[in-house]
Amino acid sequence: MQENSLKRAEALRPTVIEVGGEPLGVVVPSEGGYRFLAVKLPAFVVDGQHFPTIETAHLAVKTAVEDQG
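Per the numbering used here, residue 4 is the first one in the sequence shown, and the count goes up by one each step.
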């Protein structure tokens, strides 16, 4: 029983999104995909958006940050 709780907690753990070695936010599991939550100003343009995979979220954040620079 405890093992199932640990697996569920691991699956719900936020994943940090970094660009150029700088953490800009996290993705959390949400509605069959992932929701991005920004923690640094350059990434707020993507804050709250839903993505099908962590990789697509990372690409969107990277593109948004590069477009600002």
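A hint or two may mislead.
Simulated restraints, written as ranges between beta carbons of each label pair [as the list claims (entries may be wrong)]:
| # | residue 1 | residue 2 | range |
| --- | --- | --- | --- |
| 1 | Lys43 | Arg16 | 18 to 24 angstroms |
| 2 | Arg16 | Gln71 | 25 to 31 angstroms |
| 3 | Glu69 | Val42 | 26 to 32 angstroms |
Simulated crosslink set (EDC-like; lysine to aspartate or glutamate; CA at most 16 angstroms straight-line) [as the list claims (entries may be wrong)]:
| # | residue 1 | residue 2 |
| --- | --- | --- |
| 4 | Lys43 | Glu21 |
| 5 | Lys43 | Glu25 |
| 6 | Lys65 | Glu25 |
| 7 | Lys65 | Asp50 |
| 8 | Lys65 | Glu21 |
| 9 | Lys65 | Glu34 |
Calculated directly from the structure, the hints in this document are not laboratory data.
Fair warning: this is a prediction, and the values are worked out from it, not measured in the lab.
We put the beta carbon where it would ideally sit given N, CA and C, even for glycine.
Hints and how they fare:
1. In this structure, Lys43 and Arg16 meet the distance hint of 18 to 24 angstroms, their C-beta atoms being roughly 20 angstroms apart.
2. In this structure the hint that Arg16 and Gln71 lie 25 to 31 angstroms apart at CB holds, the actual value being about 28 angstroms.
3. For the pair Glu69 and Val42, the beta carbons lie near 18 angstroms from each other, so the given range of 26 to 32 angstroms is not met.
4. At most 16 angstroms may separate the alpha-carbon atoms for a hinted pair to count; Lys43 and Glu21 meet this at roughly 11 angstroms.
5. Taking the CA atoms of Lys43 and Glu25, the gap is near 9 angstroms; set against the 16 angstroms cutoff, the hint holds.
6. For the hint linking Lys65 to Glu25, the alpha-carbon distance of about 11 angstroms falls within 16 angstroms, and the restraint holds.
7. Using a Cα cut-off of 16 angstroms, the hinted pair Lys65 and Asp50 holds, with the two alpha carbons roughly 13 angstroms apart.
8. Pair hint Lys65 plus Glu21 holds up; C-alpha atoms about 8 angstroms apart against a cutoff of 16 angstroms.
9. Restraint check for Lys65 and Glu34: not satisfied, since their Cα atoms lie roughly 23 angstroms apart, outside the 16 angstroms limit.
Hint compliance for this structure: hints 3, 9 are broken, all remaining hints hold.
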